[in-house]
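J.: This is what each chain is made of:
Number of protein chains: 2
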Amino acid sequence: MPPKNTQPKYRQIADYLREGILDGTFPAGQPLPSEEALAKQFGVTRPTVRQGLTELRASGLVEAIMGRGTFARSPYNRPSFTYPRGVRRSPDGQYTEADGIRWTDAEKPTATRTDAPLALADLLRIPPGEPLFTYDALQTADQGYLRQLHRTYVPFSVLLGTKYEETPPPPAPQLYNALAELGHELHFTEYVRTRMPLPDQAQALRLADGVPLLHVLRVTLTTAGKPLTLEELHLPGHDLELAFGL
Amino acid sequence: MPPKNTQPKYRQIADYLREGILDGTFPAGQPLPSEEALAKQFGVTRPTVRQGLTELRASGLVEAIMGRGTFARSPYNRPSFTYPRGVRRSPDGQYTEADGIRWTDAEKPTATRTDAPLALADLLRIPPGEPLFTYDALQTADQGYLRQLHRTYVPFSVLLGTKYEETPPPPAPQLYNALAELGHELHFTEYVRTRMPLPDQAQALRLADGVPLLHVLRVTLTTAGKPLTLEELHLPGHDLELAFGL
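Quick mapping for you: the protein sequence lines, in order, are chains W and R. Residues in the first sequence are numbered from 1 upward in steps of one, following UniProt numbering. Residues in the second sequence are numbered from 1 upward in steps of one, following UniProt numbering.
Take these hints with a grain of salt, some might be off.
Straight-line C-alpha distance at most 20 Å; calculated SDA-like pairs for lysine to any residue [claimed, not checked]: (1) Lys226(W) <-> Asn177(W); (2) Lys226(W) <-> Thr82(R); (3) Lys226(R) <-> Leu246(W); (4) Lys226(R) <-> Thr82(W); (5) Lys9(R) <-> Pro199(W); (6) Lys226(W) <-> Pro84(R); (7) Lys226(R) <-> Ala243(W); (8) Lys108(R) <-> Asp136(R); (9) Lys163(R) <-> Glu185(R); (10) Lys226(W) <-> Gly245(R); (11) Lys226(R) <-> Gly245(W); (12) Lys108(W) <-> Tyr145(W); (13) Lys9(W) <-> Arg46(W); (14) Lys9(W) <-> Pro199(R); (15) Lys163(W) <-> Asn177(W); (16) Lys40(W) <-> Thr25(W); (17) Lys226(R) <-> Pro128(R); (18) Lys4(R) <-> Tyr16(R); (19) Lys108(W) <-> Gly144(W); (20) Lys226(R) <-> Gly161(R); (21) Lys226(W) <-> Ala243(R); (22) Lys226(R) <-> Pro84(W); (23) Lys226(R) <-> Leu160(R); (24) Lys40(R) <-> Gly69(R); (25) Lys163(R) <-> Pro131(R); (26) Lys108(R) <-> Leu138(R); (27) Lys226(W) <-> Leu246(R); (28) Lys40(R) <-> Tyr16(R).
FRET-style restraints, in silico, Cβ to Cβ [what the hints assert, rightly or not]: (29) Gly29(R) <-> Gly161(W): 38 to 44 Å; (30) Pro47(W) <-> Leu160(R): 55 to 61 Å; (31) Lys9(R) <-> Thr6(W): 28 to 34 Å; (32) Gly20(R) <-> Glu19(W): 36 to 42 Å; (33) Glu19(W) <-> Phe156(R): 28 to 34 Å; (34) Gln30(R) <-> Pro84(W): 37 to 43 Å; (35) Thr167(R) <-> Arg68(W): 52 to 58 Å; (36) Phe156(R) <-> Gly100(W): 31 to 37 Å; (37) Pro31(R) <-> Arg89(W): 47 to 53 Å; (38) Gly144(R) <-> Thr167(W): 50 to 56 Å; (39) Gly144(R) <-> Gly144(W): 40 to 46 Å; (40) Gln12(W) <-> Ser80(R): 34 to 40 Å.
In short, the hints are calculated from the structure, not lab data. Each residue gets a CB set at the ideal place from its N, CA and C atoms; glycine is no exception.
Using the sequences provided together with the hints, build the complete structure.
T.: Printed below as a string of structure tokens:
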């Protein structure tokens, strides 16, 4: 007799489905067995099956599509989108994004003035509380399939005594050419983090349950290593990868 | 009279705590109000409070520490560890990791032979199923606080007709010097992805609930852009960031 499985039934169901998704029994993009079939197979009620499915949804291994059922997602598939990170400089000195993605603003971007919070002041090497021009944009590409939240921060101190003291400069990437005009040669460092989205981020980026964010911070620096500006990107962690040349 | 909140109570509790964590009412690293206090405040039973806390744990905003209670985590804090990604070449031609972290193997690394799965064959530009030398290591640094899963893949075809055909080469980063000895000049591309961990990864990396993985794939290429080897890193998405010079 095989040893008795002492796990709760909903977890046994989650384990059974997880193993099936990982070994290809339930291929990515295909529907899982129905709740009814699973309830019968494990001798449980449908709420118990649903509890097992909830656990898998939270781990990003299945996706529930309204009115169509529950579909397997493979953690091994290569993402459809590769997002090359970098900034190019053309022979005429213009800076452009190396990503080759045509982002468009899904909503009118907002420009505000914020005070530098501690964690950002640190990256910009300015005193916490220093005022910043802040631009927020929700951008889409590829017919809305790709979405990102893009924020640009420009410390007032960087613009002191320049023509942008009165009229703020454009947000990145146009910002780079404005900075170049002020005589800066630009260098870039990116910091990549991840975490689960906050509810408003999950909604704006249309994230399914169990999909974390990629959080990218780009610092623009002078040749001497002085930070000038900061950008924050929040991207869906599903079906997307960032690419960096080392 | 304020409009009646129609959300279920457990969600109202989760929203209340989330807002408090985000606005600093419940500072990062500090304990949240007790289950008892929350039950009283919202007029609910403790299981309902726990349901609200479970939701916040899944989103990585609180951490339950056995026997000590539930603590707030800020999504805004700068991580304690910055992990610079890159490979340096010393004047004598030796390749070394630029991370400056002293990783040690927590367990004896395992060497196996695997067949290239589709998603990796694609990155290595070899036919799916081609045999690979595969090394697996669980590595720790900083007195065990930092943990990573490190896998190195070397296609047999890269070693054909070399002295490593019989005795496999060492895993990365020593591998780089073995490849350099074979006459290759090396270039590196990294792909960064994220997702929720599988149960064995969560255990090996000691991840709390609601903490995603950073998944890094490093491809080592020749000057002509031919992929030679592949490394896979799985890192905790908590309290850690990757840094890239663009």
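J.: If a hint holds in the structure, say so; if it doesn't, say that too.
T.: Results for each hint:
1. Lys226(W) <-> Asn177(W): Holds, at about 17 Å.
2. Lys226(W) <-> Thr82(R): OK: Lys226(W) and Thr82(R) at ~18 Å, within 20 Å.
3. Lys226(R) <-> Leu246(W): Measuring from Cα to Cα gives roughly 16 Å; hence the hint holds.
4. Lys226(R) <-> Thr82(W): holds, 18 Å
5. Lys9(R) <-> Pro199(W): holds, 17 Å
6. Lys226(W) <-> Pro84(R): holds, 18 Å
7. Lys226(R) <-> Ala243(W): Since the Cα atoms of Lys226(R) and Ala243(W) sit roughly 17 Å apart, the hinted pair holds (cutoff 20 Å).
8. Lys108(R) <-> Asp136(R): OK: Lys108(R) and Asp136(R) at ~9 Å, within 20 Å.
9. Lys163(R) <-> Glu185(R): holds, 18 Å
10. Lys226(W) <-> Gly245(R): Satisfied, since the Cα-Cα distance of roughly 14 Å is no more than 20 Å.
11. Lys226(R) <-> Gly245(W): Satisfied, since the Cα-Cα distance of roughly 14 Å is no more than 20 Å.
12. Lys108(W) <-> Tyr145(W): Distance of about 19 Å is within 20 Å: holds.
13. Lys9(W) <-> Arg46(W): Holds. Lys9(W) to Arg46(W) sits at ~11 Å (cutoff 20 Å).
14. Lys9(W) <-> Pro199(R): holds, 17 Å
15. Lys163(W) <-> Asn177(W): holds, 14 Å
16. Lys40(W) <-> Thr25(W): Answer holds: Lys40(W) to Thr25(W) is near 19 Å, not above 20 Å.
17. Lys226(R) <-> Pro128(R): Cα-Cα ~16 Å, so holds.
18. Lys4(R) <-> Tyr16(R): holds, 15 Å
19. Lys108(W) <-> Gly144(W): holds, 16 Å
20. Lys226(R) <-> Gly161(R): The given pair, whose Cα atoms are some 17 Å apart, holds under the 20 Å limit.
21. Lys226(W) <-> Ala243(R): holds, 17 Å
22. Lys226(R) <-> Pro84(W): holds, 18 Å
23. Lys226(R) <-> Leu160(R): holds, 15 Å
24. Lys40(R) <-> Gly69(R): Given pair Lys40(R), Gly69(R) holds - Cα atoms ~17 Å apart, limit 20 Å.
25. Lys163(R) <-> Pro131(R): holds, 17 Å
26. Lys108(R) <-> Leu138(R): holds, 8 Å
27. Lys226(W) <-> Leu246(R): Holds: Lys226(W) and Leu246(R) sit about 16 Å apart, inside 20 Å.
28. Lys40(R) <-> Tyr16(R): With a Cα-Cα distance of about 14 Å, the restraint between Lys40(R) and Tyr16(R) holds, given a limit of 20 Å.
29. Gly29(R) <-> Gly161(W): 38 to 44 Å: holds, 41 Å
30. Pro47(W) <-> Leu160(R): 55 to 61 Å: holds, 57 Å
31. Lys9(R) <-> Thr6(W): 28 to 34 Å: 32 Å Cβ-Cβ, so the 28 to 34 Å window holds.
32. Gly20(R) <-> Glu19(W): 36 to 42 Å: holds, 39 Å
33. Glu19(W) <-> Phe156(R): 28 to 34 Å: holds, 29 Å
34. Gln30(R) <-> Pro84(W): 37 to 43 Å: holds, 41 Å
35. Thr167(R) <-> Arg68(W): 52 to 58 Å: holds, 53 Å
36. Phe156(R) <-> Gly100(W): 31 to 37 Å: Since the Cβ atoms of Phe156(R) and Gly100(W) sit about 34 Å apart, the hinted range of 31 to 37 Å holds.
37. Pro31(R) <-> Arg89(W): 47 to 53 Å: holds, 51 Å
38. Gly144(R) <-> Thr167(W): 50 to 56 Å: Given range 50 to 56 Å: holds, Cβ gap about 53 Å.
39. Gly144(R) <-> Gly144(W): 40 to 46 Å: holds, 45 Å
40. Gln12(W) <-> Ser80(R): 34 to 40 Å: holds, 38 Å
When the structure is compared with the earlier hints, no violation turns up for any of them.
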